[in-house]
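We have chain A already, so just place chain B on it with the hints.
2 protein chains.
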Amino acid sequence: QTPTPPTRLGLCAACHGASGHASMPGVPHLAGQRLDYLRDALKQYRDGRRNIPVMRAAIGPVSDAELDALARWYSVQSPQPQGQP
Amino acid sequence: QTPTPPTRLGLCAACHGASGHASMPGVPHLAGQRLDYLRDALKQYRDGRRNIPVMRAAIGPVSDAELDALARWYSVQSPQPQGQP
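Residue numbers (this note's numbering), protein chains in the order written: chain A, 1 to 85; chain B, 1 to 85.
This is chain A alone, in the form it adopts within the complex (with noise of 0.2 angstroms):
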């Protein structure tokens, strides 16, 4: 039920992680999170309402289409880190 990874996904995982389970200091873990949540503060980064710059440019440039795919994405991951229990 995993859909196909997102064109863009690249430009996400590079800080959360290509199944959203993020390492660096002060970025969400994005896997099984709500989709609708997930939606929302996509759309609040990309239009300042969360004024998170590398945010904004990050998705600036990204279609709603697509936005729509990445947050897909990351809400079926498991929220379990792979590798725990």
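Since the hints were made in silico from the structure, they are not lab data. It should be emphasised that the depicted structure is a prediction, and the values quoted were computed from it without experimental measurement. It is possible that some hints are incorrect.
[To be verified] With the C-beta cut set under 7 angstroms, the calculated list includes, among others, these residues of chain B facing chain A: (1) PRO25; (2) GLY26; (3) HIS29; (4) GLN33; (5) ASP36; (6) TYR37; (7) ASP40; (8) ALA69; (9) PRO79; (10) GLN80.
Glycine residues also receive a C-beta, built at the ideal position from the N, C-alpha and C atoms.
Using the frame of chain A, we list chain B on its own:
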């Protein structure tokens, strides 16, 4: 290693669940989220950088120490909902 439930947990649990598994539309899961991210997000909600009235109302009166206890609590909850493998 799970800490004692924070005094103000009920404030968060109403929407995010006591163990951080949200069931309300648009409300993020918090279980197992990175502690540094949770701390930062809470500060942004409290000072209005993330302008979400319900969050500002909820945590406006909460002290730094209490916010920290809440962030710690959710960061150590299991990201996998109970009853799922």
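Verification of the supplied hints:
For B:PRO25, the interface hint holds, since its Cβ comes within 7 angstroms of a Cβ in chain A; the closest pair sits about 6 angstroms apart. Interface restraint check: B:GLY26 against chain A, minimum CB-CB distance 5 angstroms, threshold 7 angstroms, status holds. With a least beta-carbon distance of about 6 angstroms to chain A, the hint placing B:HIS29 at the interface is held under the 7 angstroms criterion. A distance limit of 7 angstroms between C-beta atoms decides the matter here; for B:GLN33 the minimum to chain A is near 6 angstroms, and the interface restraint holds.
The criterion of a C-beta within 7 angstroms of any C-beta in chain A is met by B:ASP36, whose closest approach is roughly 5 angstroms, and the hint holds. For B:TYR37, the shortest C-beta to C-beta distance to chain A is roughly 4 angstroms, which falls under 7 angstroms, so the interface hint holds. Because the beta carbon of B:ASP40 sits about 6 angstroms from the nearest beta carbon in chain A, less than 7 angstroms, this interface hint is met. Violation of the interface hint for B:ALA69 is found here, the shortest Cβ-Cβ separation to chain A being roughly 19 angstroms, above the 7 angstroms cut-off.
The closest approach between the C-beta of B:PRO79 and any C-beta of chain A is roughly 4 angstroms, which is under the 7 angstroms cut-off, so the hint is satisfied. Hint status for B:GLN80 relative to chain A: holds, with the closest Cβ pair at about 5 angstroms, below 7 angstroms.
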